[in-house]
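Number of protein chains: 4
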Amino acid sequence: MTTWGESHGPAIGAVIDGCPPGIPLCEADIQPFLDRRRPGQSRHVSPRQEADRVRILSGTFEDDRTDGPVTTGAPISLQIDNTDVRSKDYDAIRDTWRPGHADFTYDAKYGFRDYRGGGRSSARETALRVATGAIARRVLGNEINIRAALVQLGPHKIDRSKWNWNEVDANPFFCPDKDSVAIWENELDQIRKDGSSTGAIVEVVADGLPAGWGAPVYGKLDAEIAGAVMSIPAVKGVEIGAGFESAAMRGEDAADEMRAGPDGPVFLSNSNGGVLGGISTGQSLVVRFAVKPTSSIRIPRRTLNRDFDETTIETRGRHDPCVGIRAVPVGEAMIAFVLADQFLRHRGQIG
Amino acid sequence: MTTWGESHGPAIGAVIDGCPPGIPLCEADIQPFLDRRRPGQSRHVSPRQEADRVRILSGTFEDDRTDGPVTTGAPISLQIDNTDVRSKDYDAIRDTWRPGHADFTYDAKYGFRDYRGGGRSSARETALRVATGAIARRVLGNEINIRAALVQLGPHKIDRSKWNWNEVDANPFFCPDKDSVAIWENELDQIRKDGSSTGAIVEVVADGLPAGWGAPVYGKLDAEIAGAVMSIPAVKGVEIGAGFESAAMRGEDAADEMRAGPDGPVFLSNSNGGVLGGISTGQSLVVRFAVKPTSSIRIPRRTLNRDFDETTIETRGRHDPCVGIRAVPVGEAMIAFVLADQFLRHRGQIG
Amino acid sequence: MTTWGESHGPAIGAVIDGCPPGIPLCEADIQPFLDRRRPGQSRHVSPRQEADRVRILSGTFEDDRTDGPVTTGAPISLQIDNTDVRSKDYDAIRDTWRPGHADFTYDAKYGFRDYRGGGRSSARETALRVATGAIARRVLGNEINIRAALVQLGPHKIDRSKWNWNEVDANPFFCPDKDSVAIWENELDQIRKDGSSTGAIVEVVADGLPAGWGAPVYGKLDAEIAGAVMSIPAVKGVEIGAGFESAAMRGEDAADEMRAGPDGPVFLSNSNGGVLGGISTGQSLVVRFAVKPTSSIRIPRRTLNRDFDETTIETRGRHDPCVGIRAVPVGEAMIAFVLADQFLRHRGQIG
Amino acid sequence: MTTWGESHGPAIGAVIDGCPPGIPLCEADIQPFLDRRRPGQSRHVSPRQEADRVRILSGTFEDDRTDGPVTTGAPISLQIDNTDVRSKDYDAIRDTWRPGHADFTYDAKYGFRDYRGGGRSSARETALRVATGAIARRVLGNEINIRAALVQLGPHKIDRSKWNWNEVDANPFFCPDKDSVAIWENELDQIRKDGSSTGAIVEVVADGLPAGWGAPVYGKLDAEIAGAVMSIPAVKGVEIGAGFESAAMRGEDAADEMRAGPDGPVFLSNSNGGVLGGISTGQSLVVRFAVKPTSSIRIPRRTLNRDFDETTIETRGRHDPCVGIRAVPVGEAMIAFVLADQFLRHRGQIG
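Protein chains in written order, with numbering that gives the first Met the number 0: chain V, 0 to 350; chain C, 0 to 350; chain G, 0 to 350; chain Z, 0 to 350.
Bound-form chain V, shown alone:
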């Protein structure tokens, strides 16, 4: 996958190469995933109104002998036009570095930066990750089910005993615990009122994975997941299975025991989150990641301008009070993408 584009340019896009041929794929297969990530859908996310309509510009083919459009095996080009661009919003910050953003680091690296909408550092590029994830799901097939949920918003964790996947799309937070929804609503209402923001933790679960995907030292499944997830903007931590809890565990609790099941091994626990030695065990793959609070807040923060003068900044504009919410479909997509890539490489080596 290669992505391109800035949020204030005419469009953003992605190119996906190496997709197997003959896979049914049209824009309607991708759009629903984009719609889940799209801003403007509740008062708890950015009010920006991006239609986020994806177009497939290459790599699929349809004639009277195919049952709808299918992939050809050639590079798939996806494109999303930028429709709600407001350049004025960013004039104030062209010379001032917003704390928590990549403004200073871009200037430090490149000598200048495209400040319009954050340029390349805009999280708008995650729309393409989501679109690519939809294609990855088609490559993986229906046996593999990749879902995610928000398991913590600010200081409020869900009650895991109340986890219900059906709730996830029934509230604006992708929250699997019905009883946490009201608490989170109150929290976010207060945060918006304060002009602040908050962090969150996302959990992604992939079911239906066969045992054997991954590799021992290079191409480890867990290493590629960690790299892919940490590359999502604002992510500051990633863990698999028991993750950081592993540190306090004893060996007899952390090493998942096995019994014989009707279709192969049955594990009695999943502290390893479905990966051992960089290779999938056939259990559920369980990944969690932490998303920091949105850096664009109305509360004044101390900073510098490009002349190294001390100043303060209040970031106005149409920002999410908790970017972790919209990171849920992005997390799913990154796991789908890594798994599809691992699947094709596994098939290459093993046949």
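Source of the hints: derived by calculation from the structure; they are not laboratory data.
Just so we're clear, the structure is a prediction, and the values are computed from it rather than from any experiment.
Mixed in with the good hints, there may be bad ones.
If several chains are the same, the list does not tell them apart, and a pair holds so long as it fits within one copy or across any two.
Below 20 Å or equal to it, Euclidean Cα-Cα: the simulated EDC-like pairs (lysine to aspartate or glutamate) are [as the list claims (entries may be wrong)]:
no.	residue 1	residue 2
1	K156	E244
2	K192	D83
3	K192	E251
4	K192	D252
5	K177	D63
6	K177	D262
We have chain V already, so just place chains C, G and Z on it with the hints.
The following block gives chains C, G and Z in isolation, referenced to the frame of chain V:
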């Protein structure tokens, strides 16, 4: 870096390509780092006695005009002979999958496995990561200082207010808090007595990094760190800066403010751990990772053999009760390696 | 560089990542190179009328402090709309394999193919190579001058003693020998009348290259040139310096002698074409490649259809009688691209 | 494949990753190919006596349930000790650049060079290409037969009508035309007497290849072949099928016609050498490459030393009068390697 070898073969090795020419490098530059990782140095780590003598087989050159051996720019081949191989130790487990190990997943992937010493899944390969890390430090130069410490052993966290880097090499745990040493000794003595094991958390800090290394979407510094660290055997989680704590933070606390200093920006906090938008800020790079408890324990665990019969296994042999201890130099090495690689690519793009 | 698109889709495009920041770049820097490759400019090339207007969709930035648009260091997305698509032209060949084309091999690989305009196998993708080459020239700077010419059309070689670079753009063949132009015109007029086609040889010369770019075994300059040039559609051979003539040479003639010049070594000959041991010598880089005759001809050829029935085919449509002509700017572009890439990697390793 | 080592170090080696598991492989499978390339086997090649004994240090496994050693899927490490090192031979050239060699270019790139035996630029690394090629053949299986022959030595081409594969290993030149052997012997005897050297052309033919390997733009089979073959030391040109002859051909002759055969298409000619659009046709793959004359000759040549003083050099030592001879097994190996790599990637994408 490419590594090869199994712990029961004649040797293990690594090949490092792309190293700049003219860098002083001899075996004595690498050996001290290997010695820190070597087993058999206290009762708290594996009693195995691997000399872990590294040899440089290619890529350096010395004559009467060079001041000792220097890199030539050609691939550097490192090799470490395996000297303390006891194949008998592993006969018991050739047909039985050890819980928490890669035994089952290797069989699932490859159809069989090299069970001697864990084959390719043996953590012995981390010796090569450490050796490569020593070369990466030479590439980075003396301005950049990469250090690590154990900050949690089992349930016992250090008191961060007592952090003293000088303590780290004064105890067998790489513990920076003098007062935690006795507590950890007691914990590990009990664990060994129980035939069990425990997990740990390692923190790596890199100082002296310039601002500007990394890239926006591909080659993000934090993403490459996450991938590299998660590829270390037994690692289940990685975080940067405030990491998972970010989830509960407010935006005004997480976005590190800036003031003018004599040599550029001074940050008033480091919640982002020295990385913003995938690019270094010039602050200390702060990475933590969780290591699960050693899976090889004497306590009997339920498992299967290769015929899918239910059985139990007690793993004897010479194992570390806490592999997290020896993961400290490995963590340093992986950060050094990622930084050296980023440095060279940064220089390529920016000049 | 990643390219995408089929000649019968809405557009074709390319994404170039890793470009240094701050390089002046606008569409007018690219368009002249595309115009040289464009069809429809003389009776000797395809009469298709593609405007081939390139648009830059990302990766550049302009404000009142930059002197026009400059690269930002982020991925550059180029796009060219397809404006002269005639699907009818290809209906006849949807079930029949055209000899010399990739029709059969695509079906053999993918199980089916996008037959509209050749799909991914259309040489229309070379427009993107040319556009990317224009960017590569900006990266390389004005010191390096990359030019190409047609040195053989069908059986007719130029007289090298009459080589004049100024002639190259003064005739429709990129021919550097004024006296060959009439001969080639007659040849091509006859070929078109016969409904046939012919091959050609292109020579690319890059001047101003410093000594030292390339690498010993991986990333050899000559190996990357060979791979890049052979990837141009219809190319069947590539040689550097004396190339295939080297086989009949003696060592004393092939090993270019050196004398001292005012700015370093002066070579007394250039049998090695500016590359020794995979690294540039600082001489002119000289590359030649052979382009086979256009496979689409009006003369009936024996072939099979997708049901393996024997049949014949006459390929009508708007084809070039000698694709080697339009391969001239493509060859320049590929050399520019390889050199820019080598330059950045050289700077990474050596500084 | 990663290779390392210099001809005057203790050893040279290669690491091959991604090999499928379960493939029978032992040193005796590799050695015969090395023996074909080894120097010292006739008066027509270098009298150096390298035993070239290959050792497999990792990546294979044997127990009482395997039928001999098999690959495990982990990296295979190959090593060949350097046994006939004579450093004295090279003292004369430590400060003087040998024309035709990489001496000057290495100094230009790296600032100095390992002059012992040519360092990294020594063609001794081709032993590892041959060894890796032997493994690639095992990956490809017995259906695919890769053979090569010398088709031109100096100015003397073979008579292709007399081609007999059985002759190739019956003479010291890998010559398939019995009647050329005496001519070539006379030629080489004269060349040795003159203290000179000569070039050659090698032809590699791979039979049994299925249709469908390769890819349209990236990973083109012919492009990867060109890159791999041009990376062989002293190679100056590579062509596929009719190659440079294509330039003078008409379209009706160059586009290979097809008829129906019992097992699929039968091509009536092979001007395209088994590749169309970057993908294999199922015909014989036919590749030719030109090898320049050995640069190390006894005839004095004008050159410079490192202080840019003009001087002359006569290269003594134990050199091949025609390195093209020993390039025959190297060419086979590179084709085997590219094909094995393409096979695994094809299987990954297509299944």
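* To do: Measure nothing new, just compare the shortest in-copy and cross-copy C-alpha distances for K177 and D63 to 20 Å and report within, between, both or neither.
  => For K177 and D63, neither the intra-copy (47 Å) nor the inter-copy (52 Å) Cα distance is at most 20 Å.
* Asked: When no copy is specified for K192 and D252, does a C-alpha distance of 20 Å or less occur within a copy, between copies, both, or neither?
  -> This pair counts as between: shortest inter-copy Cα distance 17 Å, intra-copy 44 Å.
* To do: If the cutoff is 20 Å on CA atoms, where do K192 and D83 land: within, between, both or neither? Let me know, please.
  => Classified as neither; 25 Å inside a copy, 56 Å across copies.
* Between K156 and E244, at a C-alpha cutoff of 20 Å, which is it: within one copy, between copies, both, or neither? -> Intra 15 Å, inter 12 Å, cutoff 20 Å: intra and inter.
* To do: Indicate which option fits the pair K177, D262 if close means a Cα-Cα distance not exceeding 20 Å: within, between, both or neither.
  => neither (34 Å within a copy, 52 Å between copies)
* **Alpha-carbon proximity between K192 and E251, which holds within one copy, between copies, both or neither at 20 Å** => between (48 Å within a copy, 14 Å between copies)
Hints 2, 5, 6 from the earlier list are contradicted by this structure; the remaining hints agree with it.
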